[in-house]
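Participant: These are the residues of each chain, in order.
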Amino acid sequence: MNVDRFCEQESTVLRAARSNTWDEATRHHAASCPICQESLRVSRALGTIAGQMSVPSTPDPRLIWLKASFAQRQKRSAFIARIAMVAYSILGVAFSMGIYWIARTTDLVPSAPLTTFHLSGNSLIPMLVLGFVSVALLFIFAPIYRHTSS
Amino acid sequence: MIEETRFRAFYEEMFPRLWRYVHRMSQNRSECDDLVQETFLRFLRTAPDLDEKEAIPYVYRIATNLVRDKWREGKSQAAWLEETGREEAVSPSHDAGIKLDIERAMEKLSPGQRSLVWLAYVEGYDHKSIASIVGVNSTSVRVLLSRARQRLAALLDESDGPGANR
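Protein chains in written order, with numbering that gives the first Met the number 0: chain A, 0 to 149; chain B, 0 to 165.
No lab work stands behind these hints, which were simulated from the structure alone.
The C-beta atom is built at its ideal place from N, Cα and C for all residues, glycine as well.
Hints are supplied without guarantee of correctness; some may be wrong.
Estimated spans, in silico, between C-beta atoms of each pair [as the list claims (entries may be wrong)]: (1) A30(A) to E37(B): 42 to 48 Å; (2) V128(A) to K52(B): 38 to 44 Å; (3) Q36(B) to A30(A): 42 to 48 Å; (4) E106(B) to R40(A): 41 to 47 Å; (5) E3(B) to R103(A): 47 to 53 Å; (6) R103(A) to E37(B): 41 to 47 Å; (7) L65(A) to D68(B): 23 to 29 Å; (8) G123(B) to A24(A): 17 to 23 Å; (9) E53(B) to V128(A): 51 to 57 Å; (10) A8(B) to S53(A): 19 to 25 Å; (11) P58(A) to T138(B): 37 to 43 Å; (12) A77(A) to E2(B): 20 to 26 Å; (13) D50(B) to V128(A): 38 to 44 Å; (14) Q71(A) to D33(B): 19 to 25 Å.
Modelling step: build the complete structure from the supplied sequences, incorporating the hints.
Facilitator: Printed below as a string of structure tokens:
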């Protein structure tokens with residue numbers, strides 16, 4: 000079973016070993032501390048395999064750069080599309096409310112079916128219904144818009 | 000996104016280091032190439048304009064997460080850090096002797112343990128930096144690293160012993 004063992008000097012010892020600059024106290028500690036000796040042993044062992052690992056030649060970073068640039072442009076387009084969708088939603092609601100208001104306040108469309116929504120003088124309900132319908136339609140068509148805009 | 004010339008310099012410095020680290024964790028050469036490429040891609044897409052001191056741990060963190068995600072498919076978080084690892088021998092085409100013993104010992108650690116010992120003993124990161132890379136707190140890193148170190152030392156002892164199979 001493992002017992003967790005630590006030494007406060009471990010990082011100092013490892014740093015000294017890595018840079019090969021030992022002061023007397025660190026050297027003395029490293030020689031007498033079993034934990035630091037274990038750390039040094041592990042460090043040397045890993046250093047051996049790290050130094051001998053064959054790394055493939057570094058590929059050209061240009062392709063990664065281009066891919067990232069393209070992804071960033073796509074992200075920007077998606078952001079603009081989202082803003083446009085919100086703006087269109089607001090416009091849709093405003094337009095619906097405007098149509099309803101015209102229908103109610105002018106005689107141009109005296110038999111406008113929209114006026115039949117008029118309940119007990121409360122004009123807010125039909126306006127809200129129209130607003131919701133507009134927003135719902137926009138959300139239905141938004142994925143198509145997003146798809147075509149990217 | 001950072002400038003292309005800065006990225007190129009950073010990439011050329013970091014590619015071999017990161018490749019070794021990812022390869023050591025994943026133990027799969029073909030997977031390693033894809034993971035390293037994906038790491039740099041994510042780094043470019045997500046990193047703000049970091050200075051080099053911050054960028055290096057950040058790129059290690061991305062790589063660690065990618066390898067962990069790949070490995071985790073079907074396994075638990077605890078297994079990532081605690082599992083004792085695969086027991087099969089490494090390819091016989093590897094160099095014999097000490098290097099093979101170390102490779103074999105590393106194979107027996109879990110990917111999380113390999114990550115910890117590599118970051119601490121090869122890359123020279125302190126507990127706090129390792130904690131930010133692997134996503135656990137520094138007290139846990141201290142404990143987990145101590146266990147990984149002891150396990151690796153014990154495995155190296157086994158391979159040094161009289162019954163060692165070389």
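Participant: Is the gap between the beta carbons of L65(A) and D68(B) within 23 to 29 Å?
Facilitator: Once the Cβ atoms are compared, 25 Å apart, the range 23 to 29 Å for D68(B) and L65(A) holds.
Participant: Looking only at beta-carbon atoms, does the pair E53(B), V128(A) fall within the given range of 51 to 57 Å?
Facilitator: At 53 Å between Cβs, range holds.
Participant: Given the range 37 to 43 Å, decide if the beta-carbon distance of P58(A) to T138(B) lies inside it.
Facilitator: holds (39 Å)
Participant: E106(B) and R40(A), beta-carbon distance inside 41 to 47 Å?
Facilitator: The hint (41 to 47 Å, Cβ to Cβ) is violated, given that E106(B) and R40(A) are roughly 18 Å apart.
Participant: Does the beta carbon distance between G123(B) and A24(A) stay inside 17 to 23 Å, or does it fall outside?
Facilitator: Given about 20 Å between the Cβ atoms, the range holds.
Participant: Range hint 20 to 26 Å: satisfied by the CB atoms of A77(A) and E2(B)?
Facilitator: Check passed, 24 Å falls within 20 to 26 Å.
Participant: Does the Cβ pair E3(B), R103(A) satisfy 47 to 53 Å?
Facilitator: Violated: the Cβ-Cβ distance is about 60 Å, outside 47 to 53 Å.
Participant: With respect to the beta-carbon atoms only, verify the hint that R103(A) and E37(B) lie 41 to 47 Å apart.
Facilitator: Given a distance of about 59 Å, which is not inside 41 to 47 Å, the answer is violated.
Participant: Between A8(B) and S53(A), does the beta-carbon spacing fit 19 to 25 Å?
Facilitator: holds (23 Å)
Participant: Should the hint that A30(A) and E37(B) are 42 to 48 Å apart at their CB atoms be regarded as holding?
Facilitator: holds (45 Å)
Participant: Given the hint of 38 to 44 Å, check if D50(B) and V128(A) actually sit that far apart at their C-beta atoms.
Facilitator: Given about 56 Å between the Cβ atoms, the range is violated.
Participant: In this structure, is the beta-carbon distance linking Q71(A) and D33(B) contained in 19 to 25 Å?
Facilitator: holds (21 Å)
Hint check: violations occur at hints 2, 4, 5, 6, 13; the rest are consistent with the structure.
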